[in-house]
Structures are given as C-alpha cells and as structure tokens.
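Those protein sequence lines, which keep their order, are chains A and B. Quick note: the first sequence uses the working numbering, first residue 7, plus one each step. Quick note: the second sequence uses the working numbering, first residue 202, plus one each step.
Derived from the structure by calculation, the hints contain no laboratory data. Treat the hints with care, as some may be off.
[To be verified] Result set (BS3-like, lysine-lysine): computed pairs, CA atoms no more than 25 angstroms apart in a straight line:
| hint | chain 1 | residue 1 | chain 2 | residue 2 |
| --- | --- | --- | --- | --- |
| 1 | A | K447 | A | K352 |
| 2 | A | K258 | A | K15 |
| 3 | B | K260 | B | K301 |
| 4 | B | K580 | A | K335 |
| 5 | A | K85 | B | K528 |
| 6 | B | K585 | A | K335 |
| 7 | A | K340 | B | K579 |
| 8 | B | K586 | A | K340 |
| 9 | A | K85 | B | K579 |
| 10 | A | K77 | A | K96 |
| 11 | A | K85 | B | K561 |
| 12 | A | K258 | A | K111 |
| 13 | B | K516 | A | K85 |
| 14 | B | K591 | A | K190 |
| 15 | A | K96 | B | K561 |
| 16 | A | K352 | A | K190 |
| 17 | A | K352 | A | K198 |
| 18 | B | K579 | A | K96 |
[Said to hold, decoys possible] Label-pair distances were calculated between CB atoms; the ranges are:
| hint | chain 1 | residue 1 | chain 2 | residue 2 | range |
| --- | --- | --- | --- | --- | --- |
| 19 | B | D479 | A | G455 | 39 to 47 angstroms |
| 20 | B | M555 | A | P488 | 54 to 62 angstroms |
| 21 | B | W607 | A | T411 | 35 to 43 angstroms |
| 22 | A | G455 | B | D482 | 35 to 43 angstroms |
| 23 | A | K447 | B | V593 | 18 to 26 angstroms |
| 24 | B | L598 | A | R144 | 50 to 58 angstroms |
[Unchecked claim] Derived, one-sided and incomplete: chain A residues facing chain B with beta-carbon distance under 7 angstroms:
| hint | residue |
| --- | --- |
| 25 | R65 |
| 26 | E72 |
| 27 | L79 |
| 28 | L87 |
| 29 | N331 |
| 30 | G334 |
| 31 | I371 |
| 32 | R376 |
| 33 | G384 |
| 34 | S390 |
Every residue gets a Cβ at the ideal spot worked out from N, C-alpha and C, and that includes glycine.
Here's the letter readout for the chains.
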Amino acid sequence: MTLPEQFAKDEVIIIGTGPTGLVAAKALANANVNVVMIDAGLEKSSHTDLQRPSLARLRTDGNITEDERTKHLLGDDLKGLFVGLNVSPKIRLCTPVGSVSAYQKGNDIQSSGFVPIGTEALGGLSNVWGSCSSVWSRHEFPDDFPYDDLCASYRRLFIDMHFCGETPEISTDLPNMPLGSHFKGLSDRFAKTRPEFQKSFYVHRPLYAVNTGPTGCNQCAACMWGCPQSAIYNAADDLPVLLRQPNVKLLKGYRIDRLQRMEDGYVLTGISANGAPFRSRATHIILAAGALVTTKLVLGCLEKFAQPIRMENSPAFAAAFIDPNRLGKAMDPKTFGMAHLAADMKVNAEISSHVLFYDAGTQSISDLVRYMPFSRIGALSISSALLPAMTVALGYLPGRASLNTVSLNRDHHLHIQGALNDDSRLYFRQARQTLAKNMRKLGSWMLPGSFSVFDPGAEVHYGAALHQAGLCTSDGAIKGLPNMYALDSSVLPSLSEKHHTFSAMANADRIARTLIARHDLTQQIGE
Amino acid sequence: MHLLVTGANGYIGQEVVRYALSQNYQVSVLGTVPEDFSECVTGYDWRLDQPLPERLPWKNIKAVIHLAHQWHGDLKVGEQDPNLTGTTALLSCVRNHSIKRFVLASTISARPNALNKYGRLKAKLESLLDGPEEVSARIGLVYGGALKSMWGTLVKLSGISSILPMVDPNHAVQPIHIRELAYGLCRLATKDSLQSTRYTLAAHNSISFRDALKAIASAYHGSILKVVPLPGSVLLFVLQTLNKLPGIGHLFNPERLLGLMGLPVLDSKDGLAELGLDIADMRDGIELGQISRRRRLDEAHTLLRYVSSGNLAPKLSHYRLYLTGLKINGLQAITPLPRTVRAAPALLRFCEPMNQTPLKRKLELATVIYETSQQGSKKLYPYKKVGPLKVVATLILNGTVETVLWPCRKLLSKVFWP
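Construct all of the structure, not just a fragment, from the sequences and the given hints.
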C-alpha cells in the first residue's frame, strides 16, 4: 500500500508500530475506528529460528560447525562483532548492524552525554527488549492521574498477552519459570529473613511478557541473542492478526520527519524507505513513535525551537555477585536467559531501586570481562572459573534521578544532553553500598570493581518529556494541537525505577479507550 | 582530452598516466614510456638535455604535465643545468603551438634561497612560467604507491630500527597521497579555467615529520618507532660517511634530507578547494592497500593468540571475522605492536592498555571471536563440574598475577598506548 496524498477524514493515523502503538491500534480497531498505522521500518528485526540449538549445545557440541555457531551467536550480518559501546548487551547481540546509528541519523537525533537507542523496525524496541514488565503502583503517579483506569488496562493486557512471573502490586495467578540453580540459595535465604529486612529489600520473581506454553519458551538460555521461539512478546508478531481486521491498514517504510499544522488537520512530510520524499495530509494523528521521535515531532509541530525541556531516563547500573556455595559447580544447560529474581530496594529515604538478577552463564563472557579491570587473559580465566557462581545484577533508579534535556533546533534536529550530577552519583554510590550489604546478608558477595554505571540512555528506559514540559494532558492530548495525541512513554508523568514498557502499553490502552469513550476520534465517523 | 606527460616513468609520472588513462584521456609520453602502459600510450624519445622530437602531435595536445627531472652531480663552470634548458625548450614549443595549459611539477620548498639544490632549481623553473595558463604545482611530501623516490627512502628509513635519530623531527610536513596527487595534477591540466598560477598540492593540515615516520613504520613494518631528535649537521656527516662506504652506495641522499630541513608550510586550502581535492590525513591514507591487509592479519594473529592464551590456532574464518569486525567498528587503523609482543603474544599481559584505546576495543573484538570459536566456547563455559578447589586455585593464581602485574601494566600501557 502506498501513502495517499490525503487520508480520509475518518481515518486515525498512528505513527509507530511499537508496543504502545499496537495496543492503541487494537483498542481503536475493536471500537470500529478506521486505523492507519505508519512505520519507518519494513519488517521486524528479530526472527524466529526454531532450528537454533540451545546455548549450551552451541557452546559445547563439537558437531556444530564453526559457521553455524558464528551465524547463531554473532548473527547473519555479524552484528555481534560490534564492540566497545557501553550499552545493554542485547543491543550488541540483537539489533542489526548499524540500525542504531541509522535510527539516530535518519531521525536527526544528536546527543552529548547520552546514548539514544532506537530501531527502525516493525514492532519498534520490542524486537530487542528483555520483556521484563512491571506494574507501577498508585504512588508513582500524580494524585489527579486516573490510576484505576490504568489498572483496568493492566488487567486487560494480562489477558491479551502471555505473561509469567509475579508482581507485588497486583495479585495474579501466572505460571513461573523454573528457578535456576544460581538463585535457589538466594531465594531460600531471603524467605528466612525478617519482615523488616524484606521491607527495604524485597526479593521476588519478576514479571515477564513471555509465553511459557507448549509453543513458547523452551529454556534454551539464549534470550540475549533474541528468542528463537518468539516466546518473548514482540509487537510485530501481533500485527498480522490485527491487519486481518478490515478497518486496519499498515504503511511500511515511511519515516515521518515533520508534522505541520494546517487549518483542517496536519501535513505529514518525510522520507520513504526507497529514499523518495513524501507529503500527505491527515486530520487525526496519534503519536506512538517512541519517546524521542514523538517528542521531536510534537516540538516541531508546536514550533518550540531551542527551548530545552527535561526528559527522564531511569539511570542504570550493573554489578556481579558471587555465591561461594556454587563455586566449582556446573552451569545450568537448560535455563531462562533473562532475570530469575528481582528486588525492590530502598536506596535512601527518597529513592528506591529495582534490581534484576541474571545467571551470568546466559550472558556472553565478552560482555562480562569488559567491565573487569584485569588483563584480558586474567579476566577471562577468573570469570570463566566464577561463571557457575556468578549472578549479574542490573539495577535502575527512578527517572527523577536523571538530568537530561532535549531541544529541537530550527532545522528539526533533536539534541539530547545527558549528564550525571553529584546527586545522581551519590544515589549510585548509595545503591552500590545498599545492594552489596543486602546481598551479603543473602550469602552473595559483590565482585570487587564490578559495579559499573551505564551512560544515560544506554539502557534505554526514557520518556516523560511531553508530560513534564506541560505539553500534553494526562489523556495524551497535545495542548494547542487539536486531534493530535501521544501515547508512548513520552506522556508518562514520570519514570519509575521499574521497567516502563508495560506501563506505557497499559497507559496507551487507557488513553485509546478514553478517546473512544469520549468520542473524541469517532464523532466525525457518524457524520 | 589529450595530455602530454614528461617524466612519465618516474614515481609520480606512472601514477599520473594511470589516472589519466582511467579517465579516458589520451596520453602521449615525452621520454621513457612506463612498461605497464606501453600498449596504451604513444611515446616520443626525449631527455631533458636533448632537443625536442619534431613529429610531436602538438595539434591535438591540450595540456602538458611536466614532471621530468634529471638528477646530476655538480655542474662544471659554464655548463647549463639540463633541467633548465630542457624546460625552456619545452615551454617555447608549448607557446609556439598555443597549447592550452602547461603544468610544472614543483615543490613546496621552491624558493630562490632554499636549503637544497632542488628547491632552488624549481624556483628558477617557476620563474620561467608566464601567463595565466602556465601553472606550477608545489607538491608536498608524497607517500603511498610503489616504494620509489623519497617515499621509498622513508619506508626504508623507518624500518631500520625501532629507534630512529632524525633531524628536526617536529618539523611540519604537508603530505599528499600519490593518488591524490595524480588526481590534482590531472585536474590542473584539464580544468577549464584556473584562478591562480601557483597551487600547493599538499595537505592543508600539516603533521610533524615524526608522526609521518611513525605512521609509515606502523603501516609498513608494524613497529612502534621512537624518533630521537638529532642535530642536523651530525646526521649529514654520518650519512655522507655512510654513502662513501662500499656496498651501501647512494642509499641515503643528503640532498633529500636538506629538502626536509628547509620545508616551509604553505597554505593550500583555497587551491585544493578549487580543484575539488580532499586530502586525507596521512595516518589514514597510509592504511590503504595490500600492505595494511597483511599488517592487520598479523595483528589478528597476535591478539587472537593472546586472548586465547595460545589455545586458538587462528584459521581463515577467524581472520575474516576479525577483518569484518575492524570494519564494523571503524577500527581499520593499524595498532603498532612491539616486536616482542608479536613474537610472544602472551607478553601483552604485561602492557595491556588500561584506558579506552583502539587496542582495548580490538582486544574486545578478539575476545568475542575467541568466545564464539569451538575451542573458546568449550574452554570458557564450565558446563561440567570443576570442583571448588580447582576454582579457588585458579582465582588465587590469577589474582596474584594480576596484582603483581598491575603496576607494570600501569607503567607500560602509558608508554606504549598513550
């Protein structure tokens, strides 16, 4: 399908096919709204490969050829050879070569002290995400936020999507992944601790958007390399089902660069995947292009140039822990490659941290040794010996501990300025000390020198810019731009230390349903 | 377009002919025809000290690129410099036949009071030029391509030993790759109109002679060169003495040394922009070509042997991954490794870089490749029980080694990878 010069008045344009855009499209389509989804990508970037051997087999089976091992562990385009960036290992192992830089360049995003990450693919960042989902509690939203509606959306998504694990905020009856042998000791010791300790350091099974059914996760342990079973939720996998509805259309390969307000709607301009510029008009626009691009398009449409606004990200850190009881044991050949346990930790009176615990054996050893201050040989010998006893902790702080600003210049280049200040450094220090202390009580010891802080943005998790700048209402309507809404993480009031994707999805569902209930989008259809 | 090239068999001339032919220009050569192009160009025998051949196709010729130079000893009293007489004769012919353009290959050091004879001579030749279509190209330090001329000397010089005494190593030089030069000269000969008659064909941003030598040593000998400053007069004396020794011949030409010592820095920005010539940094430009491919494979071998503690005998597939990895990561620049490390990669443990350097990323790349190899994945991931004692022993051993090596790495990594 090609882009028309003018969309029909009863068509609602959704920009972006990531998780939030998809959830909103579903809700709108079910309410008989005509939906047109537009995405810069042409296909999803992660691919199902049911033939892929498990991680343990890839590493130990001598019958697997060198070429096959390379293909599975480094990717067809050898993207795994991209090294040296201080970003989430999944970015190295899962995203196609150059897609991150193409995203930055294509969308005119520049940054200093910040790593902007995005992919131009159907399904957006859900191609890469770890699928860790969190339910945010009431106190994480402003008082006037319709939290009950959000909870209803959380519950609806619980039915729509496959989940496993648990969340302390909502009682659910979900299946759990088998707990890896790394974590049995930790979990047992936690169960024996006092309630006071549990209040400041609560260890539980994380919530995952992973299908554990017969066609789902087979515990091949290679989640970091992208799920070969497609058991991890990817918005792109829901697209074909949605497109079966007659009132849903998808336009692939159109990157919208600018939105311009006209009397009777908006002009969308951009570049298509074959390099040709395009121009089209539409009346109703919903932005779900991801926190950065949505913010960029809104600022451009409002002509708010050179006015920096605050954008939050959840500052992230990582550390390695050793459980001495497991020294010399064998690694689990069959396990889940994402975090097995999560902890909600009080860092100080104001700040909490959400920490996930991974089995180090399910990571690439190259990603572990790069944080070690030793020589390569030393680091490889030491980490190889410690692998069966090593747990990797990945922690986040709430968005209010971040200090980023975004601004748009007149050429529509988005500039992101990231920084750490003394406060955030203090929080990281406190997080390190508290985490080390609490884990020690549970029999795990932090590996000296292993605590490292990610550059702002490198662990993704950003948003809240539009809400914080007062450019949108809590229902996603952009102030001053009639019939334009945003519903990705850029309209979240603030970022929690807990993962935001699931909450952004629930919020998108809530906004879409509010719009339907208010007939904001549908009033013209009947006319 | 029909070009007449003199000195076509020389270091620069061959590249000029090659480029001109690649642009579908017709080329006639005045002087010795380069063997590689004997099929595609017409040659007319000539030496600078001989009269010009009569049946030259002047009618068709649009431009002359005059590269020929005759090296000679001291002239006798009353004897004319053949370069001067030859060029004068050629110029008068060019004027008689109303040839559109005459390009004289000159040098950055062309000044009446230049330190070297070559600079003084070229200044004299430049003074013969007259009118807007007779232009001189002041050429900088030419590098790359066949190991001939001054370039060949520099490559030899930088490989003699890892410590090189050199006169005034901080002296600024303006390099230009031989291919960039060939393009520039042809462009001067063929461009419709020119705004000037003096063009400096050399990088606008100069680098120190020391850095130039280091880049050559790194690319051609894979070595880290230390350049030690030396008083000019001492080196001149040493070279002149060496040249007198039997068996060495005229390997080192003091004339060239003098040329370097007297090099000025010229502004080349506007001229290069007019010609549309974008000159690469020498440190990048030198990496082109086959030589560096071999160096990169050497580097791959050393680093893969190192990270695998000799456990991996690199195969073609590993080398290929390494080369692809360099490209993906933009790490093509060769990292010079000390000879000892290349001979015994394990020694890298003593001097492995501690801060973010290209070598650190290359080691990371090598680790990824080792980890993915059969030997690596088997060795690195303990899917079988090892027993706590063995683990503790490994930890104590490596912990001790790392602690002892720490100060050594701290010091040596600063020396080798600043």
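Do the hints match the structure? See the list:
With a C-alpha separation of about 15 angstroms, the suggested pair K447 (chain A) and K352 (chain A) falls inside the 25 angstroms cut-off, and the hint holds. For the given pair, K258 (chain A) sits about 21 angstroms from K15 (chain A) by alpha-carbon distance, which is consistent with the 25 angstroms threshold. Restraint check for K260 (chain B) and K301 (chain B): the C-alpha separation of about 11 angstroms stays at or below 25 angstroms, so the hint holds. With a C-alpha separation of about 15 angstroms, the suggested pair K580 (chain B) and K335 (chain A) falls inside the 25 angstroms cut-off, and the hint holds.
A threshold of 25 angstroms between alpha carbons decides the hint, and for K85 (chain A) with K528 (chain B) the separation of about 11 angstroms falls inside it, so the pair holds. Restraint check for K585 (chain B) and K335 (chain A): the C-alpha separation of about 7 angstroms stays at or below 25 angstroms, so the hint holds. Of the pairs offered as hints, the one joining K340 (chain A) and K579 (chain B) holds, with about 16 angstroms between alpha carbons and a cut-off of 25 angstroms not exceeded. The hinted pair formed by K586 (chain B) and K340 (chain A) meets the criterion: a straight-line CA distance of about 15 angstroms does not exceed 25 angstroms.
Simply put, K85 (chain A) and K579 (chain B) have alpha-carbon atoms about 22 angstroms apart, close enough for the 25 angstroms limit, and the pair holds. Of the supplied pair hints, the one linking K77 (chain A) and K96 (chain A) holds, its CA atoms being roughly 16 angstroms apart against a limit of 25 angstroms. At roughly 19 angstroms between alpha-carbon atoms, K85 (chain A) and K561 (chain B) fall within 25 angstroms of each other, so this suggested pair holds. At most 25 angstroms may separate the alpha-carbon atoms for a hinted pair to count; K258 (chain A) and K111 (chain A) meet this at roughly 19 angstroms.
Between K516 (chain B) and K85 (chain A) the CA atoms are separated by roughly 20 angstroms; this keeps the pair inside 25 angstroms, and the hint holds. Annotation: proposed proximity of K591 (chain B) to K190 (chain A) holds, straight-line Cα distance about 23 angstroms (limit 25 angstroms). Restraint check: the Cα-Cα separation between K96 (chain A) and K561 (chain B) comes to about 21 angstroms, which is no more than 25 angstroms; the hinted pair holds. Pair hint K352 (chain A) plus K190 (chain A) holds up; C-alpha atoms about 23 angstroms apart against a cutoff of 25 angstroms.
Pair hint K352 (chain A) plus K198 (chain A) holds up; C-alpha atoms about 19 angstroms apart against a cutoff of 25 angstroms. A hinted pair counts as satisfied when its Cα atoms are at most 25 angstroms apart, and K579 (chain B) with K96 (chain A) qualifies at roughly 22 angstroms. Distance hint check for D479 (chain B) and G455 (chain A): the Cβ-Cβ separation is about 45 angstroms, which falls inside the suggested range of 39 to 47 angstroms. Roughly 58 angstroms separates the CB atoms of M555 (chain B) and P488 (chain A), a value that falls within the hinted 54 to 62 angstroms.
At about 40 angstroms, the CB distance of W607 (chain B) to T411 (chain A) agrees with the hint of 35 to 43 angstroms. G455 (chain A) and D482 (chain B) have their C-beta atoms about 37 angstroms apart, which keeps the hinted 35 to 43 angstroms range intact. Between K447 (chain A) and V593 (chain B) the C-beta distance comes to about 23 angstroms, which sits within the given range of 18 to 26 angstroms. For L598 (chain B) and R144 (chain A), the Cβ-Cβ distance of about 54 angstroms falls inside the hinted range of 50 to 58 angstroms, so the restraint holds.
At about 4 angstroms, the closest approach between the beta carbon of R65 (chain A) and any beta carbon in chain B falls short of 7 angstroms, and the interface hint on this residue holds. Taking 7 angstroms as the C-beta cut-off, the interface hint given for E72 (chain A) holds, the closest approach to chain B being about 6 angstroms. Taken as an interface hint, L79 (chain A) checks out: its beta carbon lies about 5 angstroms from the nearest beta carbon of chain B, inside 7 angstroms. With 7 angstroms as the threshold, the beta carbon of L87 (chain A) comes within range of chain B, its nearest partner Cβ sitting at about 4 angstroms, so the hint holds.
The interface hint given for N331 (chain A) is violated, since its Cβ lies 9 angstroms from the closest Cβ of chain B, which is over the 7 angstroms cut-off. Taken as an interface hint, G334 (chain A) checks out: its beta carbon lies about 4 angstroms from the nearest beta carbon of chain B, inside 7 angstroms. Interface hint at I371 (chain A): satisfied, since its Cβ lies 5 angstroms from the closest Cβ of chain B, which is below the 7 angstroms cut-off. Look at R376 (chain A): its Cβ gets to within about 6 angstroms of chain B, closer than 7 angstroms, so that hint holds up.
A distance limit of 7 angstroms between C-beta atoms decides the matter here; for G384 (chain A) the minimum to chain B is near 4 angstroms, and the interface restraint holds. Look at S390 (chain A): its Cβ gets to within about 5 angstroms of chain B, closer than 7 angstroms, so that hint holds up.
This entry does not satisfy hint 29, going by the numbered hints stated previously; all others are met.
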